[in-house]
Each structure stands twice: as C-alpha cells, then as structure tokens.
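Undergrad: Here is how the chains run, residue by residue.
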Amino acid sequence: MFDVHEMEVNFGPQHPSTHGVLRVILRIDGERIIDAKPIIGYLHRGTEKLFEAMSYPMCIPHTDRMDYVASATNNLGFVETVEKLMGITKQIPKRAQLMRVMLSELQRISSHLLWLATHAIDIGAMTPFFYCFREREQVLDLFEEYCGARLTLNCMRIGGMPDDLPPGWLDGVEKFVDKFEDAVDEYESLLTNNRIWKKRTVGIGVISPEDAIDWGITGPPLRGSGVEWDLRRAQPYECYPELKFEIPIGKNGDTYDRYLVRMEEMRQSNWILKQCIPLVKKTPAGDIKAKISRVVRPPEGEVYHSIESPKGELGYYIISDGKSQSAYRCHVRPPSFVNLQALPAMAKGHLVSDLVALIGTIDIVLGEVDR
Amino acid sequence: MTDAPQPPQQSKPAVPAAPAAPAARSVEEIKRDPLVAQACARSGDAIIGAKEFAGEISLTVARDRIADVARAFRDDGFNYLVDLSGVDYSKYPAWTGERFGVSYTLYSFTKNNRVRLKVTTDESTPIPSVTSVWKTANWHERETFDMFGIVFDGHPNLERILMWEGFNGHPLRKDFPIRGIDTGARIYPEVFPEGGGPKAGSTGKDVKDVNIYKGEWKHYGTWPVAEIQQRAAIGGQPPAPELAGVVAETAKPTEEAPWHDPEKALPERMELAKAGSLKDKLFAAMAQTDCTACGWDCEGYAEALAKGETKDITLCVPGEDETESMLKQLMAGAGKA
Amino acid sequence: MTQDLLLRYLIWPLVKFLVAFIIVQVIVAAMNWVERRLLGLMQARLGPNRVGREFGIPWGLAQIVADPIKFILKEDIVPSSSEKVAYFLGPMLPLIPAFLVFCLIPYGPPPTFVVTHVNVGLLLILALTSTGVYGIILGGWASNNKYSLMGGLRSAAQMVSYEVPFGLSIVGVLMLCGSFDLVHIINYQADHIWNLFPQLIAAFIFLVAMNAENNRTPFDLPEAESELVAGYHTEYSAMKFAFFMLAEYSSMMVNCCLMVSLFFGGWTMAINGYGLTTGVLRGMGLLGGILGALIFITKVMVFMLMYIWFRATFPRFRFDQLMDLGWKWMIPLALANIAVTAIVVLLGDQFDFQGEVVLSIAGAAIIVFTLILLLRPRAKVTHARRVSEA
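Residue numbers (this note's numbering), protein chains in the order written: chain F, 1190 to 1560; chain B, 4 to 340; chain R, 8 to 397.
If you are wondering where the hints come from, they were derived from the structure by calculation, not from laboratory data.
One or more of the hints may lead you astray.
Below are the SDA-like pairs computed for lysine to any residue, each with C-alpha atoms no more than 20 Å apart in a straight line [to be verified]: (1) K54/B with D1510/F; (2) K1537/F with G58/B; (3) K267/B with K1537/F; (4) K282/B with A337/B.
So these bits of chain F aren't anywhere near chain B, every CB distance computed over 12 Å [claimed, not checked]: (5) R1323; (6) L1340; (7) E1375.
Glycine included, C-beta positions come from ideal geometry on N, C-alpha and C.
Please model the entire structure based on the sequences and the hints provided.
TA: Put into structure tokens, the structure is as follows:
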C-alpha cells in the first residue's frame, strides 16, 4: 500500500567522515539504510606486489604506508614474521624487545587518540578532537626524537632496532605517561556520561560474539562484543608475558562498548609503558641487535605471524623460496579490511547518522584496507 | 589497578618460532597431532599432504573437498578464518604442481593455535568457496580473485574488490609487470597513447575496454652527470643506489678472501682478515654483497680506498653504519683519514 | 501636521532602525570572530589571531573585516543543474525576516530606544522568524544535490517541530503579563520579578527550542558536516553562503533578544520595582537610555556566548532523537507548564494570593536543587573494572 521511495546515495569517496577514500553506496528510505555496500580500492598501491620485488629489509618502510597512523605496529608485525621465518625470534636482545613494546604501545595510544578524535567529531562533539590531538602531538614528538619521523617511522629492523634510545627519551616518556591518565579522564568527562553521546552510541551497530568471530572481526570491536581475546595475551610476542595489563571487554557489542574498550586500552597501554621504563633502564645500553647476518635470506618455508595492532589482528603471511633475498609472496592480513566487511551487516536498519558512527567505531584506515 | 587474573588462554603458551625440528615428522605423524587429529579423521582422505615449518602445520587438501574440510575444521573449533590468500607458483624454483595455491589460515580459540589449509589449482579450475563456512571469507576470496584470477565456485558476489571493474589483468600474478600497466592516467601524454584507460560503462568483459600499453617506458629523471664522469675517471662504474642490498653471484668466499661471505657477521670477517693488508681489512669491512651500489664491487671499493682514489667511506649502503664506522677506524689507523 | 506624522511614523523609525540594524550587524559580524576565538580558548588552540597585525590591530580583530571581504571577492559558483530561481531565492528568504524583526525589538527604555512600538510585537516576531525555513528548504532543494536535499528536509522538519514548543513556552509568560507587547512584558518583570523564576520550565524549553530553531549544536543536523557534508548550503559559495550565515547569526541574535526580553527583564535590572526600572532609567535622561541599552546588549551577549559554549560541549543528536525530544518531551512539557501556570494563577485570583510568588518559589527551588545535584562531589569511577566486569 505504501510505496517505498528508495534513494541511492554515494557516501564518499570524497566525504568528510569516511576517513579517507572509503565509498559506501547507500540505498536509503528517507534516512533509514536499506543496504550499504562498501567500495574500496581507491588507495590500492600494490604493496604486496612491491614486497615481492624487494629484499626483506627494503620492505619495512613500505609497511609504514599501510596503516599510516600506526606504523610502528606494522613494522613490528613484519620484522617479527621475518624473524620467525629465519628462526631468530629468541635471539632478539631484551632491550630491543622492550623498545619494540614501548614504541608499539605509544603507537597504540596515538592511534586510539586519532580514532577518538575523529569518532567524536563524526558524532558532532568538536572539542575532544583538539584535546586528543594535543596529546597525540606529544607522542609524535617522542617518535620524532627516537627515529626522526613522526608518522611513517620505519623504526624496526630484522633482528633488532636501528638505533639505541636517545638520551633523555625515557624521561620524556615518563613525563608523558604521568600526565596521560588525566588526559584520558578529561576526554571521558566530555563524552562517557554525556546523554547525547550515549544516545548516539548505545545500541548502535550491535554485533554478537559469534557473529564477530564469523566475520573475522578482531581487536577492540571483538573485545567490545565480549570476547576476551588479545594476541598480546593469547599468543604473546616480544616481552609481553612479563608485563601486566588487563584486557578490557564490553558487554553489548555496541558502539558505546567499543568506545569504552578503546578508552580503557589507552589506560592499559599507559600502564604497560610505565612498567617498561624501569625495565629498559636495567638493560645494557646499545644491546639492540641480534648477531645475525647482514643478508636476510630465510630458509625455504612459509609462516603466518600476527600481532595485536591498535585495530586488531595484523598478520603477515610470507612464503620464502629459500633462494632469493625477497619474499616469494608476502600477504598482509589487515585488520581494517576484515573489520570493514561487517559494515553492511551492522548498518542495516540504522540511520545515515549512525553510519557515520559505525565507520568511526570500526576504526578503519584506508591505507591498510586497500594496501 | 591490580594484577589481572590470567585468562584461560594463557595456560597454553604460544608455539615458539623455532626452526623446523631436526627430525621432521611424516605426513601421518602430523595428521595425528592432537591439534588437528580430530578434524583430519573427519575429513578422511581429503587431506593429501602435510608439512610443518616453524611450528606451524600446513595441510594440503584436495581441491574439490576444501569446503567440506573447512566445515570439519570449523566444527572442530577452528571457527575463526584468520586469513585467506593466494599464491602464484609459476616462478617458484623447481615447482611442479599446479600454478596457483590458496592458503587458509584457521584459528581455534579453544586450542589457541593456528592451522593452515592449502589447495592448488590451475588457471581455469574453480575452487569451492568457503563463504558458507565463514562469512569473513567473502572479501578474502574476492581479493584473491581480483589479484590472481582464481575463481571461487559458489561465492555470492565474486567481483573485483581492490581494482576497478573492467581492469585488465590480475596484479599479483607473477607475469604481471611490477611497473604496472597503462591505466589510462594522462600524466605523461607523450608516453601513453590517446584513448587509454577504462571507459565509462565498461564491464571489463571486453578486452578493448582497457588499453594496455605495450611499448617501452621512457625513463624520466637524469643521472647527475658530473658525478658519473668523476667516478668514471677513477675507474668505477656509475653509482646505482637502487642496487643496494642485492647479493651478486660473485659474493662467495675464495681462497685468498675467505671473508668474502655475506652470511658472516662483521667481527667474524675482521677476524679472518686480521693478518692481511690494509686493503684486505677494508675489503673485509664491506658488506660482501658485491652489489655495486658504490660503483665498484666490494674488492674494488676497498682497493680504491686503500690507494686513496676515493676518500668517501659512506658509499657502502648495505653495510650501514657498521661498515662505515669500521672503515673510519681502519682509515684512521692507516693515517689516511 | 503631515510633516509631523511623517517624522513620527517614517523618518524616525527608519533612522532608529538603521542605527540599531548597523550596530546589530556589526555585532553579528563580530560574533564570528568571537565564536572562533572563544572556541579556540575552550579547545586548547588559538583561533584567528593574525589578521590585522600589520596595521597594529590586536588579537586578529581585522578578521571581522577580512571575512566579509573574502566572501564578496570569492567566485560565485552556480551548479549548472540547479533550479536557478529557487537557488537565488534560497539565501535571501531567511535573510529578509531575520533583518526585519530587528525593528520590533525594544533595545532600551521607550520611546527613544524602541524602534516601533507594536502592541502585538511578540506575535509579529514569531510570525516573521518562522518564514525563514522557506529559504532553507528552497536552497536545499534547488541545489540538485542529495545531501542538500536531505539537509533541507531535516531543517524543515526540525524547524516546524520546534516552532510548536517555541510558541507554547511563551504562553505562560503571556498569561502572567497579559500582553503581547514586549515593552509591557519587560516593565512587568521590572515591577515583579524576572519571568525566569515563575516560568523556569518555559525558559528552559525556550532555550532548547531556540537552539533547535537556529540549527545550532546539539541540533545542527541540517548542516551536520560529518553526515551531510554541509547540508542545505553545500552547493552555495561566496556571498550566497554568507547570506545563509548572516541569516543564521541574525536569527540567533533575535532569539537571544527574545530570551532576554521575555525571561530576563530586558533592559531593566530591577526586582519588585526596586532597582533600575524603566522609570528610573528614563529619569536619568539619555544616559539612562544608553545604560539600559548596554544592560540589554550585555544580557544578549551572555546568551550568544552560551550558543558557543554549547557548540564546544555537545555531540550532535540523531534525527529521530531530535524529533522524539521535540514531540515527546518538549511539547508535553510546555503544555503541562501552561496548565500549571493557568491553575495557579486562577487559584491565586480565587483565593486571593499571588500565584506568581508560588511559581517563583517553585522555580527558585528547582534551580537550587539542580545546582546541588550538579555540584555534589562524585566518586571517581574506576574505569578498568567497568569494562572488564561488564
């Protein structure tokens, strides 16, 4: 009796809240989403193809460009996979391991800060955006002090780290870590108990634990659905077994829970950093590289290794033919790519405004989705 | 904040990334591994091979049975498909099997471990889709189809995902040029002919939709001429920084230069060259890859340094700062710095 | 005689309107700078602080001039597939009523500072401001852009919905004061008490509704930049865009003036007839008039700053939630307020007590109670547990 007048809207690729060049073709009835179809690939650079033509150490800077807001974790995933392939995982010196952990936890904080900033401004809260960038700037300063780069760090090497910590770096981290807890409180005071924020996020994009696993969702979205699974705990790498931290999980699997999980993860990362500082001070300075050959030529074989990147399980699947110095095939399992897949299922039946919140809550980086 | 209670997964630590065990297990032994035993038993003869490397189990599965095997593994607790990726084996050394392989990495939350299933196929034979087993396989299979042209039978929506509709080719195939093909970008009109690129409304089914560039690529950018001439005058070749890191065939230890081995670490090489002349010591300090990025091979560069033909000690790119500091030390010791 | 009439009904009102209009427009232009600087202050950044430094103008104040110049000089892009007439009408329609109402607002003690003394002034203002929505719908539709259309439709639905509580909230004030004449309402407040206290609920509804009327945060859905790019003015550029902005800020100003006149005593600063009432200000001559106008402008600015404060604090509502709030909460609340006010006033007449006093005490009690609730010390939540134990 009532004729539904559907409208087809191109959401992106040039749109303020698609976090890059995501395009979603929406079929909407009024403002209600009947169907959402993500179109990706606008940022495809053929990174995997490039990996096949480069020696392993040359690949590391290219991993930076995938998840460009969390490049340290990308580096970590790649070098660890190559180390696993070469069987030298156990030879990495303690100091290098701690430095890797510190850098990746700082990266987690900076990535989550960027997520919070954009997520909040998508939902219309303008101020957290600037507050988050204020702290993120301090993290980037720390990165700059360590490796000279702020965004694409290229800060890890196969077998260790490129450089020792610059003098005074740990003090800088300590200063940041001491203040950061209060900064998170500040963001939370603006959002967590805000009625409008809750109205916009509670019950939006609910995904059950079973569905989440079926869709292959990892990282904060999976934990937001109540699955206590974190690769740092489940399959520990580097020196994570020695560090104390909690895995925050949500209950309802909605946008609000994912928000809470990420906020808590920032605190946990902060806590890990606090534990790392005295441990690093105990290790001998300069002991940052394993004694391995200059030439990286792993034996024939194939490995899959993954780490907990800020966005989820970041995995590398490398096949080596044992003859050349470059990977025969290097496949990246990007968390955003897989998590984004669940967007249509999450968005169905919600309003256009919620789609914006959902894209924010999945926390995608198109550089990683498209590679 | 208090000490968090350890989650149940902690009880079983991760499999350490050790090199393959000295006595490799046989296929039957691997299939009896408690991790996969149950699922293997249920799949029966569909599993036609098994391999173990770095603590990871790879099972080769008969192509037609992959969906059933996947379901058996899912029912056995491997309810999370971590990754699905294709491989083009056409350039793999001494490869005799079918051209393409597809790897399925599965994870079990209860066992906290991963298993890899592998199937192979040729250019035309489709592989049964596993989208009915795991929803997440959808985009993975689309990506594999896009990148390799491997067709998945029973996939609900098998279309390109990263490349655009109408793109001609499958980029991750080994015969696809790494420089890419003409996509119609009009950045260099003198290189690309008129009318290249995908056309509006193209379906990708017609070969004429996309104009593939078949000519030679022009080289854009010039060498620093003065530098090349200067180097040519002292006997080396022009520098080629893009060569850095490549190991030449000549990089093998010889009678007179036992240190000429890229697999050896620097202290070891210096130990071998301890008794030699300055040139030998300099030679041993190089990266030993003979990559010619500096303009010479490793021996030539050492000789040039020893004879004073060049004073630049920063040219050894693969040797990084390690080589540089050793060279500096040696040159200072010889009074040439 | 004719000359006298002409002077009284045309020349003087026109001069007064022009003076008031120019002052108000300068404030509106300056509001842009104030908003950006104040937002900067709240958001740990600077805001525009450069323009004019070469000429010795401090704090980037020349931004106030630079912005209009930029708007005038920019290219005016008209989408080729737009509905031309409607596209041109779009920015003008909201602007005209927004400017017109400035001649109905009493800025200071009459007669000098009142442009036109209309005895149904309030009604006329409401009628004029509600026509502003046509321009937004037309502009959104004429742009031939789906986002603009959605923005225009959202805006239409929102403005029409909030027009109702906006109007209903005023009824209580009318019942107490017994007049549509703003001068009378203000004088009444000076002789009794600010309507804020007896009509607290109405004042609250008015505040919310005026935010929604002006498409300001948290009700800025029509131009929600993260959802609809820029809503109804996506396709507008240069001066046409500036017209929309000017209309928005002008109607913000109008609403603040109304808020001050209806609930905060206008230009007076008096309670129960003591203090700076209209009579006292008049007795001080021109100086009193200027003082009254200053008091009025100061009060208005407080509410203008409140808009900015809201913008820095709140996230945005979703469309259905906005409608829920309007129809399910604001309108019933406004109706209840009317009923309670009517009953108390009638009872007061019947049993010979001042109903207004009763309402004022109730209003003051609510304010005190809210303040206690807001300022009570709260235990710090341990966040880790909240998620893990969930």
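Undergrad: For each hint, tell me whether it holds in the structure or not.
TA: Structure-based check of all given hints:
1. Under the criterion of a C-alpha separation no larger than 20 Å, the hint pairing K54/B with D1510/F is consistent with the structure, at around 15 Å.
2. For the hint linking K1537/F to G58/B, the alpha-carbon distance of about 42 Å lies beyond 20 Å, and the restraint is violated.
3. Distance check on the hinted pair: K267/B and K1537/F sit about 59 Å apart at the alpha-carbon level, beyond 20 Å; violated.
4. Distance check on the hinted pair: K282/B and A337/B sit about 11 Å apart at the alpha-carbon level, within 20 Å; holds.
5. The beta carbon of R1323/F is kept farther than 12 Å from every beta carbon of chain B, the shortest such distance being approximately 25 Å.
6. Every beta carbon of chain B lies more than 12 Å from that of L1340/F, the smallest distance being close to 23 Å; the non-interface claim holds.
7. No beta-carbon of chain B comes within 12 Å of the beta-carbon of E1375/F; the shortest separation is about 19 Å.
Violated hints for the displayed structure, listed by number in ascending order: 2 and 3.
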